[in-house]
Structures are given as C-alpha cells and as structure tokens.
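Construct the complete structure from the given sequences, taking the supplied hints into account.
What follows is each chain in one-letter form.
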Amino acid sequence: MRLFFRLCAFALGAAAMTAPVLAQDAIRNAITARQSLMHLYAFNLGQLGAMAKGEMAYDAETASVAAGNLARLTSIKAGPMFPPGSDNATIDKTRALPALWQNLPDVGVKQAAVAKAAAAMEAAAGDGLPALQAAIGPLGQACGACHKAYRAPED
Amino acid sequence: MQRLLAYLVALILVGLAAFWLATEPARVDPSAIAGMNGDPVRGERIFYLGGCASCHAAAGAKGDERLKLSGGLALTSPFGTFYAPNISPDAEFGIGGWSTLDLVNAMHFGTSPDGRHYYPAFPYPSYIRAELADIVDLKAFLDTLPPVAVANQAHEVGFPFNFRRLLGGWNLLFLKPGPVADASGFSAEALRGQGMAEGLGHCGECHTPRGMFGNPEYSKWLQGAPHPSGKGKIPALAGIDWSASDIAEFLKSGFTPDFDTAGAEMADVIDNTAHLGDADRAAIAAYLKEICPN
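Read top to bottom, the protein sequences are chains Z and E. Here the first sequence stands for residues 5 to 159, where the numbers follow the numbering used here. Here the second sequence stands for residues 25 to 318, where the numbers follow the numbering used here.
No lab work stands behind these hints: they were computed from the structure. Incorrect hints may have been included.
To be verified - Okay, the calculated bits of chain Z under chain E, using three or more residues with CB under 8 angstroms as the criterion:
(1) 54-62
(2) 72-86
(3) 145-154
Quick caveat: nothing in here was measured; it's all calculated off a predicted structure. All residues carry an ideal CB built from backbone N, CA and C; glycine is no exception.
Structure follows, in structure tokens:
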C-alpha cells in the first residue's frame, strides 16, 4: 500500500513536471502552424505578384488558381493557432506582439478584411492583368494592417 | 585687475551676442515665393510624398480619417518624448492662421511663425531639400482638409533640451540643405527619385543612424539603424538586393519580394506611398538602387 502511494506520488510528480513541457510544445506547434499558413499565403501571393510586376506572363488560369487558394486560406479560422502565451514577450521565434491578445476583436476585424480583399482578388484575377494589378494593392494593405499593429520589427 | 574683469565681462557679452545671433531661427526671404500660386491637386501628391498623415493624423486612423490632422503621435527619443502637433486648418488649434510663408519656414528651417525653433523630431532637416513650389502646393492642399479642434500636447523634454535656442546650434552643425548622395552617374529617373527620397520622402530620418546629438550620420547614409523602441532594427536601404520593380511594388502594395508585408512604421509609410503614381515609385526605386554601402 505504501508502495502504491509512492508510485502515485511519483506519477503525479512526473505529470506535474511534464505538463508545462507539453504546453510549451503545443505553443510551439501553434506558432509553426500559423507561420506555415503565412507561407501558404505567400506562395500564392507570389504567383499573383510576379504577374503584377511583369516578371511572369499573365495567365488567367494560373492567376485564378492562386487567387482561389488564397481565398480559401484566408477564410480559415486561425484563432487556435494563436493560443495565449504565444507572444514574443513570452516565447522566442515569434514576432507576434502581446497587443494582439489584448485586441482580439480588432484582430478579427482585420482578418475579415484580409478575407474580403482575397475574395475580391479571386473575382478579379481571371479578368485580365489590369484587374489583377488593381486588386493586389488592397490585399497588401489588408495584410499590412495586422503586421503594422501586431508584429514586432525584425531583429 | 579691474580692467581684466571688464575685458572678461565684455568677452562673455560678445560671446552671448554671437550665440544669440548664430542661433537665430532662419527664415526664407518672402520674395522667394512671391507670385507662386498653390495648386491643391499637385499638393495632394506632396502630402502623400511627405507622409504628413503618418505623424499628424490620429493614431490608428484609416481611410479618410487620415485627412484629419489632429496630431498626437508620440515620438520617443533619448532627448524626450515629442508629440506631433495639430496641422489641420483649425484657426485655434491647428495651422489655419498660417500663411504659406509660415509653412515654408517651418518645413525648410524648422522655424515657427512666432520665430522659435522646432525640434528635429519634425523632419525639416529632410524637408529643407523640398522645392519651394511643392510646399506652396502642399499649403493649398492642407487648406482643403477638415479643421479639427484638438489641442496640442506639450513635448516632454528635460533640461537642457527644453532650451530651444540650442537648436540653432544644432542647425548650424547638422542642417545640410543640398543633396546627400553623390549623384554623378545617376539616370534622370534616379535623380528625380533622389529629390523625393532625400527631401519630402524623408527616408533617411529612420534608415540612417543618428549620432549622439540625434544628428543624421550622413557618412552612413541609408545604412539602417537600431529601432528607437530598443527592439529590432530598421533595415539598411544602401545595397538593397531587391530589384527596382520589387521596391516599387513594395511601395505600392507593401508586399516584399517573398510576399511578406511591411510591418510597424513602414506599413504607415506604405499608406502614403500607395497614393503616389507608378512613375514616382519607380523613381524612388531607381534612386535606392544607386545607393551603395561604403
């Protein structure tokens, strides 16, 4: 019986010791997930941007696929990828400012603006180069609005 | 002995008089802008090139709210905290009572209408390179904006920096009216970009490091600087490995070549440069491609 208690105490102690590590891992995973999402944005934006800049020949099909992907990606509910404690004051390898968590309703508004600008791009991308070029500015502004308010400058 | 004392007193008086004269706020000769008529349409471009709204609109203002120039942005520095003033056309709280010449003196020499020095938190050391005609146009545009009745917030500056006369000495030492970069070999486009980037665009105010007096270190022109917040850094523009079209696109949409976006203060800058024409952005890009790290 005494052994049983000891074992229990040991197990509890071990659990107490590993629990924060697990939480830390969960936060790391969330940061990796949201940064991966940003890379997916960037890949599709890259195709649209290369056409806008004249570095890639305009192709309605390619542009529509990229813009469609972007519209899907920006409508993902990304909230779970931003758990509390994943800000740059608490943990390294992220530039997300604590202010993000203090202004969650505003973050939601800014995310909705990105989704709206991406939807506008999806509607425009297959409609010729000038339409694509006109849609990319507002998209950049929408992305930038969040980075301006909630991301620290690069080290 | 008494004679020596008299000499000393005389010397101090002469010194003080010389200091007073040397630190007198400078002004533009009114004849320089005589006969110029401001065009508010051209002035709108100058407004966005100068980035006025970034500091003088209320913090976080978006869209048309950025045309309400109530001021208020706090600029922290080792010398104290400066608050951007109201420059809306409000007669009481803004600059509604200013003449065009008042704006020219403010932007070229950092001299207020009542003959005091502004702090170089206001980028007159860059704006001094602006064409007078551009400032005249800007005044015409500013006059079309809505007046806002918001009082200015006093700067928080301790001794001795609260003694503004000293800024006359700062101006003598550090105000550099002409072009910064050696323009020999510049294309016509890069030359036009130089005027915009070194003048109204005031890129160097953040992207050039500052010396112990807050003076721009012209020998390290556009070579990047620590971020004033103490965290992160402001990137170097000299020797930038982006293409000219990458830079122009960045100034238009805020997208970097790898499709990240501008953040922090640069996102504010993009809110201004997005309003410029493609030719202006291309000219700034052409200039930046000419600037080499030494």
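Evaluation of the provided hints:
With 4 residues carrying a beta carbon less than 8 angstroms from a beta carbon of chain E, the segment 54-62 of chain Z meets the three-residue requirement, and the given coverage holds. Check on the segment 72-86 of chain Z: 0 of its residues sit with their Cβ under 8 angstroms from a Cβ of chain E, so the three-residue criterion for coverage is violated. For the segment 145-154 of chain Z, the proposed coverage by chain E is satisfied: 7 residues have a C-beta within less than 8 angstroms of a C-beta in that chain, meeting the threshold of three.
In the structure shown, a violation is registered for the earlier hint numbered 2 alone.
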